[in-house]
Amino acid sequence: MSLTREEVEHIAQLARLHLSDEEKERYRKQLSSILDHVAKLQDLDTSGVSARSSVLAQRSRLREDVPGDGLSPKELLENAPAAEAGQFRVPPVLDGQAG
Amino acid sequence: MSDLTKLTLSEAADGLRGGEFSSRELTQAYLDRIARLDEDLHAFITLTADEALAQADAADKHLKESNPSLPLLGVPIAVKDVLAVAGMRTTCGSRILENFVPPFTGTAVKRLQEAGVVILGKTNTDEFAMGSSTENSAFGPTRNPWNQERVPGGSSGGSAAAVAGRLAAAALGTDTGGSVRQPASFCGVTGLKPSYGRVSRYGLIAYGSSLDCVGALGRSARDVAALFRVMAGYDRRDATSMEIPVPEIKLNGKVDIKGLRVGVPQEYFIAGIQPDVEQAVRVAIEQLEDLGAEIKEISLPHTEYAVPVYYLIAPAEASANLARFDGVRYGLRVESEDMIEMYKETRGAGFGSEVKRRIMLGTYALSAGYYDAYYGQAQKVRTLIQHDFEQAFESVDVIAAPVAPTTAFPVGEHSGDPLAMYLEDVFTLPANLAGVPGLAFPVGFDREKLPVGMQLMGAHFQEEMLLRTAHAFQLATDWHTRIPELT
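If you're matching them up, the sequences are chains X and F in order.
For the first sequence, the residue numbers in this note's numbering are 10 to 108.
For the second sequence, the residue numbers in this note's numbering are 7 to 493.
Note that these hints are calculated values from the structure, not bench results.
Wrong hints could be hidden among the right ones.
Among the chain F residues that face chain X by a calculated CB cut under 7 Å, a handful are [to be verified]:
#1 Phe-27
#2 Pro-109
#3 Arg-339
#4 Tyr-370
#5 Gln-383
As the structure is a prediction and not an experimental result, all values here were calculated from the model.
Quick reminder that beta carbons are idealized off the backbone N, C-alpha and C, glycines included.
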């Protein structure tokens, strides 16, 4: 199977990943060869087999939802690239609201 | 004083309790050795010498004042740099977290600290634990102490090299697809991947959440058991951690494995396996038989599908887990006027090539129109791999197999060919996909004088059986006591 450059660009857009032209071409080739290899899974008949998302799916359980100690806002903001007034600062999300 | 770094973790703990030397002396001995050797080996990303000496002094005070019952009091270990330790830079081997200092400590590390360990620093890893050679670190590769032209394996290559090179008494690693066992094998040390659900992942920066396990590397099964015993057990902060009692695991004296049923899976002795590896593992299996084990040929028929299943599921989970690195809450940010552009530029600049490759692969496998054919089918085949193990453990107690098809390969051998690198993981992936424990330990050397490892796999939560079996083997052999010559 061979991915096109457009497909690679589409995946990169979904993944919010900037790629250089060189990377796009490299990943196009490498992902195509990896997908060729994983295609052998299609040879197996899995009708009637359930898809388990976890090896412990049956035994895992939720705990009580009770408030406990957490990190302080100050600690949470310490690694922020930009913070202001106790909040994470980001570029404008909507057009026309720059400021 | 003789070289304290030659002592095993268990010997060092005994010596400290007996007052033969102080934790400061022991810690300083490791720091001196690191200063002398780590420029070449590059096992550490971050060394925390001052903090380590302060912890050692605190341990010494404790040792003098009270009758210390803490099992690991004053013993210096290293921690893989994907585990959060409060106040200690935690990079995941990535530029995107180059300056990240966690405000909290993960549960496994916290429990070890409460047991008295001294942390020497954070060890090198493939970026976000994605790799099998530690060449994918943004901070440069780690070298194998047995031969510095060779890789140490990965992704816990820094931890394995630190233990093999006697730069730490033991070390923590993580294992998503073999990342404790394969480097343990390549570096000639003992490494445990516990059962999924056994050790809390709170504070482990996530890669593949249905697969990730926190494990330990040491110089013997006994040393690894000492760390595992402390780390394991239920933690309310990890929803997948199980409330199953952790056995005491005493490996002090002789251990009897008479009547132990050992399965040897034919699918793990395939064409392409290095002859010296097969030979050493076969001899080790015969030694288990000499110790009283019953050897049985078994079949794990879906083994050949482990690579394609893993390289869909793990990247899919990674693509979701690594979405959190977007320049907002922590890590690198590349400024832009536009939010989406800021995300893309930050991630494009912050992630290395293997991480980008897996994010791309995982995003593709989860994308509309391909989900069922790739991710859905991989999940079903994962179920078949689990069935293989369930069936096998009806007739055997443990499974013995090689850890990897080869010994440590040359630095750079697989650069540019990711698929060839993925195929190296063929024997370690199944245990992760099935959630069962695996233990790697040295059983010989190849003709290039590189260590060969064997792996034992057990049923869920049967770590003790693996550790006892390896301990019995290590009482009868001396492969695990060999030390690489480093100058």
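Checked hints:
With a least beta-carbon distance of about 38 Å to chain X, the hint placing Phe-27/F at the interface is violated under the 7 Å criterion. Nearest Cβ of chain X to the Cβ of Pro-109/F: about 4 Å, under the 7 Å cut. The hint holds. Look at Arg-339/F: its Cβ gets to within about 4 Å of chain X, closer than 7 Å, so that hint holds up. A least Cβ separation of about 5 Å between Tyr-370/F and chain X falls short of the 7 Å threshold, and the interface hint therefore holds.
Residue-level restraint check for Gln-383/F holds (minimum Cβ-Cβ distance to chain X is 5 Å; threshold 7 Å).
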